[in-house]
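Novice: Keeping the supplied structure of chain W fixed, place chain F upon it in accordance with the hints.
Taken in sequence, the protein lines are chains W and F.
Numbered according to this note's numbering, the first sequence spans residues 1 to 243.
Numbered according to this note's numbering, the second sequence spans residues 1001 to 1696.
Simulated from the structure, these hints should not be mistaken for lab results.
Errors might be hidden in some of the hints.
[As the list claims (entries may be wrong)] If the Cβ cut is set under 10 Å, some of the chain F residues that face chain W in the computed set are:
{"hint": "1", "residue": "Asn-1614"}
{"hint": "2", "residue": "Ser-1620"}
{"hint": "3", "residue": "Gln-1621"}
{"hint": "4", "residue": "Val-1625"}
Glycine included, each C-beta is placed from N, C-alpha and C at the ideal position.
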Amino acid sequence: MTLTVKEELIKRSPLRVLEKSISGGLGRGNVGVLASRKGVGKTACLVHIAADKLLQGQHVLHVSYASRVDHIVTWYEDIFKEIAKAPKMRAALDEFDELIRRRVIMNFKQDGARTEQVLRSLEAMIVHGNFRAETVIVDGLDFVQAGPADLLKFKEFAGRLGLEVWFSASLKKEDPLFDERGIPYELAAHLGAIDVLISLQHHGDHVHFALVQDHGRLAPQDLRLKLDPTTLLIAKEARPRAR
Amino acid sequence: MTTDIARMRNIGISAHIDSGKTTLTERVLFYCKKIHKIHEVKGKDGVGATMDSMDLERERGITIASATTAVEWADHSVNIIDTPGHVDFTIEVERSLRVLDSAILVLCSVGGVQSQTITVDRQLRRYNVPFIAFVNKADRVGANPLKVRDQISEKLGHRTVMMQIPIGLESAFSGLVDLVAMKALYFDGPEGETIRIEDVPEELAAEAAARREELVDTASLFSDELMEAALEGRATEALVRAAVRKGVLSRQLVPVFIGSAYRNKGIQPLLDAVVHYLPNPAEVENRAIDLDAGGAERVLAADPAAKTVALAFKLEDGAYGQLTYIRIYQGALSKGEELVNTRSGQKIKVGRLVRMHADTMAEIAEAGPGDIVALFGVECASGDTFCSPGLNLAMTAIYVPEPVISLAIEPVDKGSADRVAKALNRFTKEDPTFRTHVDPESNQTIIQGMGELHLDVYIERMKREYRAEVKTGMPQVAYREAVSQAVEFDYTHKKQTGGAGQYARISGRLEPLAKGGFEFANEVKGGRIPREFIPSCEKGFRASLRKGQLIGFPVIGVRVVINDGQYHPVDSSDIAFQTAAQGAFRQAYAKAKPQILEPVMKVSVEGPTEFAGNVFATISQRRGVIVSSVEDGTFSRVDAEVPLGEMFGYSTVLRSLTQGKAEFTMEFLKYGRVPPHIAEMLTEQHLEAERKKSQR
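Looking at chain W on its own, in the form it has when it is part of the complex (with noise of 0.2 Å):
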C-alpha cells in the first residue's frame, strides 16, 4: 500500500519519536509541560505539535495568554510553509486552508483572566460552539500566579472532556533551573498534576529535549530531539558521532 503525501508526512514527523518515548503518546486526560527559560522555543513546539494534530485531522484549541491572536496566527502559517517544504510535500501546503478551519485561538489577558472563568470559556467553545477539540494547547499560563490547585483544575477538565492538553511552563528564577533529577524547582509542587514533563535546555548551539516525567514516573532521558534553530521546527538528532 503506498502512502499520501499527508500519510508519510505524518509517519516521518519527528513527533513520532518523541511519542514512542512516552509510551505512545500524551493521551487523552493528560497534562504534559513544556518547560523551559524565556525564548528558548516552547511557542514553536507547541505549534509544532498542534500543526501535526491538525494533520492528523484532529481539531486543536489553542489557548494564549501572552501574545497577540495575530502573532499566533503567523506562528501556524510559518510551521505549516517549514513543514511543506519537506521533498513532496508541496501538496500538503494546498490542505492548510482546510486544517486551519480545525484551529481555534483563544486569547486571555493573564492578570484577572481566572482558570475557572478559563475553563468556563473553553467548555462553551467545546459545547455551545460544537468545536469537537481533541488537542489543548495552552500557551503562556504563569505557573507562578497558578498555582498546582489551578493545574489540577486543568486536568480535571481535560479528563472530564477527554483531551490532550500541552502546556508551556516559562521558568522565570535564578540558575540552577533543575534539581538532580531534572525536575524545575518552580515546578516541584505542580508535579502532582502533569503526566509528562519535558524540559528544553541550551545545549552549546542548539536546543535539547530532555523527558523529566513519563506518565507519572520520573524518568530522565534524553529524548534525541533537537529544536532546529533555523526553521524552529522540533528534528530528529544526528547520533553522537563515535570519537
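Specialist: Leaving out everything else, chain F in the frame of chain W:
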C-alpha cells in the same frame, strides 16, 4: 475666522445615546455664537434676548445635521464634525474618524461607561484619536462623576485625571472648582452665559487641594519641568496645562471635565479645554496612500506651500444646492485652482468655496491645511481624494469590494418613485459599496450592498430624508459559480438554413483560475483560426461568464486557452465564432465540475464575556468557523467566518440573546464553496424558477 493652523481644532463629539450629546452640541453652538454676536452685532442686544428658544432649536436642528459646523471660541476656530450614529458599516465611520483630529467623549454622570461608550472608545483607539472626557448630567439624581472617572480607568483602561470637582451634586449642583486655577466657577444669567469666579468654598478646600495634588502628580509624568517646579512648590497654571496637553496628545492621559449641558453649567470651561488640550491639525500625523508607489504610505505635511491633498468626506443636498465637504490635509486651496480627483482621474476647478458656520455660510477665497470647507458644484463621490496635478495620493483605500447582497425595492406609490430615484442617485455617490440597477427580466429596482444592515440603513434614510417609502423583497445573496477541474473542449458551430451559412470550430481547454476573474489565452498556430476572429472567441467566452448553468449567477475564476480550430472562407464570421465559443463553454462547463460559491463574511462579535457561550453557539449554528476569541476581563470578542446567507436577521438574534449588550460587525472576506446539500437546494430553486418563467 483664523487661518492660523495653531489656532484650529477639528473635533468630534462622541457619546452613548442619551448622554446628552445633542444638548451639549447645542450649547456649544450657542455659547460660541453668543460670543460672536457680542463682538459683532453691537447695539442689537434685543435680537438675542427676544429669540425664542423654539426658534433656536429649529435653527440649530439644521446646523447640527450638517456634516461640519465651524464655530469660534477664544480666538480659535473649531470645526465640529458630525460622527455617524450608526456604526454598522466601516466605510462611513472610517471617513469621519479620518477627518477629525480629536474628540470629546461625553458620558452620563449616572450611566457612566455604557456599551456604546466602549464602541466609541475602541474606534478612537483604532484611529489613534486623542480625546478628553466630559461627564454630563451632574444635576441628575444619582450623579457620581468620580465613579464615572473610575470606570473610564477600569473599563476602558485609560489613565485619567480630574480637572474639576463639582460644587454640590444632583439638584444642588451649582458650579465647579477648576483644579488648575484653583478657583470656583459659577454660571450666572438665564443661559449660564456669565461666569462668576470666586474662591474655592471652604468646605471643599481640603478635597480640592488633594485633587490638585493628584492632578499635578499625574501631569508631571509628561513633563520634567513641571515635576521640578512642583517639588519646589511653584507649579504654574501654564506648566500644568502644557503637561496635560502632552499627555492627551500622546493618548496617555484622559482629563475629565464635569458639567450639565441642560443646566448650562460647565460648557465654557469645556470649550477652553478644547483649546488648551486638544491638538491642532499640524500636531496630528496624517498619512496617505501613494498610488504611484504600489500603495506605500506617505506622511503629509500641514504646510500651506506644499502640494494640495484633500479628502471629500461628505456630500450634502441642502438648501444651498449640492455641497461637497472637504478636509485639506496638505497645501492650500483657492478659488480657480485646478485639482485632480485621484480615483477617477478627472480634473476639477475650484469654484465657490465656503465655510459653514453655526448660523451662516461664508464665502471664502482660500483655505489652508487642516481646514474643513465646502465646495459647490463638484462632481465626485464621497471618499474621493483631490490632489494638485502631479500628485497621486489617496486618503482612503481605493479598493471597493463587490456588493454581496441585493434586495428588490418598489415604491409604495407614484409620488415616491421620483424621490426614490433621487435618493438612490445620492446614496450611490456617497457610498461606493452601495449600488443600484434595474433588473431587465423582472423590471424591479435592485439595490446592492455589503450586508443586511447596510441596506437597512439606506431604506431608513430614504424614508427619513426623502419621504420615500418602499416595499422590499427578500434579501438575495450574490452567489457565484466556478469550475473546479480543467477540461478540454472541441466544438463546431454549423448552420445552413438558406442564405449565408455559419461555420466555426474551436478547441482548447478550460481551467480553474485560483485568483478569480477571467483569463483568455490564444495558442492557435498556423492561422487555423484567422487573427480577426480571435477577439470574437474571447467575446463569446466572456458572454458565457455572465450566467452560470447551475443557478444563473456569474462565473468567476476561469482561464480559457484556445489552441486549434477551423474556419470557412465564406460561412465564418464574427458572430459564428462568438456562438461557437459559447457552445464550447457550455460543453466544457458541465464537464469541469462546476460549483456554487457563496460570499463568506468576516464577522466580529463583541460583548460581555458572560454571553460568549451564546455567541459561539450562534456562529456554529450558522455554518460559521470561529477563528479566535479574545477575552479581556469582562469583555470579549469573537472573530469568525460565516456564510452571508446565514447572517440574515443575526442582529435581532444577537440582541435578544444578549439583552442588547453585544454587537457585531461584518465585512466581505472571500467566496467559499457551498456545501453539497445547500448547492442541491439552490439548484432546485433555480430550476423551479426557470420552469415558472417558461410557463408564463
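Novice: Now tell me, hint by hint, if it's right for this structure.
Specialist: Cross-check of the supplied hints:
no., hint, verdict
1, Asn-1614, "7 Å, holds"
2, Ser-1620, "4 Å, holds"
3, Gln-1621, "8 Å, holds"
4, Val-1625, "5 Å, holds"
The structure meets every hint from the earlier list without exception.
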